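**Student:** Go ahead and model the full structure; you've got the sequences and the hints to work with.
2 protein chains.
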Amino acid sequence: MSAPTKPAPAAALLADLRAALPAGLVLDDEETVLAHREDAAPFGEAGRAAAVVSPTTVEQVQAVVRACAAHRVPIVPQGSRTGLAGGGNAIEGGVVLSLLKMDRVLEIDKANRLVRCEPGVRTAELAKAVAEQGLFYPPDPASWETCTIGGNIATGAGGLCCVKYGVTADYVMGLSVVLADGELVKVGRRTVKCVAGYDLTHLFVGSEGTLGVIVEATLALRPPHGEALALLATFPSATAAGAAVGGITEAGHTPSALELLDRRTSEAIAELGHPLLPPGAAATLIVASDAPDAAARIKEMAALCEQAGALAATAAENAEQAHEILEARRLVLPALTEQAKKMPGEIASFVEDVAVPRAQLAVLIDRIDDIAEQYGLYVSTIGHAGDGNLHPSVIFDKTDPDAMRRAREAYDAIMAAALELGGTITGEHGVGTLKREWLARELEPRELRLQQDVKRALDPEGLFNPGKVLAA
Amino acid sequence: MSAPTKPAPAAALLADLRAALPAGLVLDDEETVLAHREDAAPFGEAGRAAAVVSPTTVEQVQAVVRACAAHRVPIVPQGSRTGLAGGGNAIEGGVVLSLLKMDRVLEIDKANRLVRCEPGVRTAELAKAVAEQGLFYPPDPASWETCTIGGNIATGAGGLCCVKYGVTADYVMGLSVVLADGELVKVGRRTVKCVAGYDLTHLFVGSEGTLGVIVEATLALRPPHGEALALLATFPSATAAGAAVGGITEAGHTPSALELLDRRTSEAIAELGHPLLPPGAAATLIVASDAPDAAARIKEMAALCEQAGALAATAAENAEQAHEILEARRLVLPALTEQAKKMPGEIASFVEDVAVPRAQLAVLIDRIDDIAEQYGLYVSTIGHAGDGNLHPSVIFDKTDPDAMRRAREAYDAIMAAALELGGTITGEHGVGTLKREWLARELEPRELRLQQDVKRALDPEGLFNPGKVLAA
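Protein chains in written order, with numbering that gives the first Met the number 0: chain C, 0 to 471; chain D, 0 to 471.
Worth double-checking, as some hints may not be accurate.
Identical chains blur together in the list; that is why a pair holds if it fits in one copy or across any two.
Straight-line distance between alpha carbons at most 25 angstroms, and here's what the computed DMTMM-like set of lysine to aspartate or glutamate pairs gives [claimed, not checked]: (1) LYS298 with ASP368; (2) LYS397 with ASP368; (3) LYS109 with ASP365; (4) LYS109 with GLU299; (5) LYS185 with GLU436; (6) LYS341 with ASP139; (7) LYS185 with ASP452; (8) LYS127 with GLU299.
None of these hints come from the bench; they were simulated from the model. Nothing here was measured: the structure is a model prediction, and the numbers come from that model.
**Tutor:** Here you go:
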């Protein structure tokens, strides 16, 4: 039901959209519109969409883009709204273009180790489909059961195994994209190598829906990896854990996961009674290897942890022990949920996503500790240590305006610290609306202008997701 | 000495360049200008430059760009002219901007596994410098002793070990680039992950000097690899060799080299008396592995070659045997030189660079054989088989106009065949002037327009290398 007070352009747009798409694919009822308002980011800068459209074909996407262009109504491409920067948030009076109904795996090409799929397929489903053919799609964002390949590409998503296997961008070979004039382009390739013209494929990767609508992707695959072994080491300080990460890297190891838990996270998991996490550790490292010589590698890395001053380092000798170690990483969310239950008020959390050169990891962790103390907040940090990528969670009572203010200031202070250490405001979550102002601090003015020039070249009227990544 | 007949604008430009740069860095004598006229591509579409400038600092590059912009004189950035597509060829009346004097390795950061360098450093020198610190820079174009990192980035160069380690683009983390307005931008990052804004870094990679002048690069490094073992297998047909490549890939191996020699190349090396290459093979595969379990891998891959119908498959059991096998690959150029000596006239060769989806490899080899026969030419093909990337060399008498015409037509026919098989006109050499018309055949019209939009956004006046990659 469209609201009676809706301005005329929206009604005309809706009529055009309904004429172009089959019945039921254009919705503007309150419930649907509100359900598609926000992704999973905090501080929601979001508006009420005029409609949510869910095309099932490329031609329908083109029709939607043409109708919106004709009415000068902005389009927000949207997946499953697991994004953490507001990139998928609706825009007031705009159209939410949900890609969730375009969720087919179109082709698995075993000989060429690639998969072709629509944007709405869930990451875990894609990984499962290719695994059934004996292949491996590595990128594993935390939300991989829910998030979509289109969203992963749009945000340039990472995950745990990036430290060995790289990020989503490293797997995107080609894309089909609907441009602002409604035309379809196929960029990229099916060959392993190609240098024919500018690399437009990677311009779309991480562009958060601001340059076009991704309607198909060709992704590279890998051979399956071996059974992973793992080790868990506890440390008396973040500095010692950082030294262990440095030692592992410098010794030339390529672990398939190299995860760090700070003091608060280690304590929270210890409280759940994990046998390998006694109370008192200031930092924990969980390291996995799926190399052919994993057992030897794990032993060597455990020794390097001890050399760096570990309180204890336990190396798994079989799959069962490895499972117990990796379980500690999986307990992060339940453990923090338990902690939150002890706090007063209505608990909310902001997950940060800063990255620094690997060698600055321990310094950043200490800075985050200082920030938590300064603002009187509970901040627990986990991180993809091998990538220098940290996710501090600021946990606070959202009914307390002062706590909200402090949480927000702490969030900013963490980004400032990352930039100061030669890092970035976002390693794998994206800019969206949340970090738009911060992007202008990370990039020098000339680069920011260059980014805007590129946006204008591809989307001169600002049709696609205006105000995301860059100011509208 | 400037030629007396040179038009006035060139004189004014030269005066400005000489005012901006130290003495001796701006040359316009006949010898220097002619020496910088062409890269290593055949069919040279090249002009006579007004001057060759060789700045030693970023500020000098900026001064050159500003002077040329003021005089509306095009700039051709140039490295060591080993390019194979004419991207580095001089433009009539333009300025050649040689980066060879900016050849410093600025920083090797072991903890963060990265190197920062100027564009003029030779690839082999960079690889050596990082190896001395226990690190590994994989990209290994054939010309790596001579070619520069700047040229590698500009062309998106590949090499032998790409099949396991990826191409130059995969190692570029950040760039400093002088833009058309003379301003310097730093794009990219020093962190392993970063999704802050559009990926402009990879827009410059492979842009062949048409979007800006790369004055610094930050490159990712790897831990050193193990000692490589190798196998050599001969086959009764290209199809059988192609089946072996497919079998190796499907079984999940990641060899560090997977090179194919066609019948003519195999015969030429056999004639030099290589013990593992008896006459009569229609195709040869040379496979290397530097995995921790290389010995087992090599044995398994040798067995897969036999299953695919190999005439013989010899697996090295030690470094010495591996060296003998890899020597066969190194003998390609000497062997073909010997063959050329037997031919009448003045011999020239065109090296092609097509790539197809891996599974189409054998089909493409057979097509190339047909093309050679059809045009009555000697064509020998080697290829990075694991990447589906082939380099057929068309060898002919350049004093014979008819042979020249046939060679040119065969060159075109090979590209047409690659496109027909779902491939690309260039896997790792680039477009330059040589394949500019062919790029327009590979890309659909809308993508070509998009490429032109990007060029215009970054270089609105067409200052940088006009007519390369895209029509001016």
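**Student:** None of the hints should be skipped; say for each whether it holds.
**Tutor:** Comparing the hints with the structure gives:
1. Taking CA atoms no more than 25 angstroms apart as the test, LYS298 paired with ASP368 passes in neither setting, with 31 angstroms inside one copy and 53 angstroms between copies.
2. For a Cα distance limit of 25 angstroms, the shortest separation of LYS397 from ASP368 inside one copy, 21 angstroms, qualifies, whereas the shortest one across copies, 72 angstroms, does not.
3. When the C-alpha separation of LYS109 and ASP365 is checked against a cutoff of 25 angstroms, the pair qualifies only between copies, where the shortest distance is 22 angstroms, while the shortest distance within a copy is 47 angstroms.
4. Taking the shortest Cα distances, LYS109 and GLU299 sit within 25 angstroms of each other only across copies (19 angstroms), while inside one copy they are farther apart (35 angstroms).
5. Taking CA atoms no more than 25 angstroms apart as the test, LYS185 paired with GLU436 passes between copies only; the shortest distance there is 19 angstroms, against 32 angstroms inside one copy.
6. In the homo-oligomer, the alpha carbons of LYS341 and ASP139 never lie at most 25 angstroms apart, since the shortest distance is 31 angstroms inside one protomer and 57 angstroms across protomers.
7. Taking the closest pair of Cα atoms, LYS185 and ASP452 come within 25 angstroms of each other both inside a single copy (22 angstroms) and across two copies (16 angstroms).
8. Taking the shortest alpha-carbon separations for LYS127 and GLU299, neither the intra-copy value of 32 angstroms nor the inter-copy value of 27 angstroms comes in at or below 25 angstroms.
Figure legend: structure checked against the earlier numbered hints; hints not met, in rising order: 1, 6 and 8.
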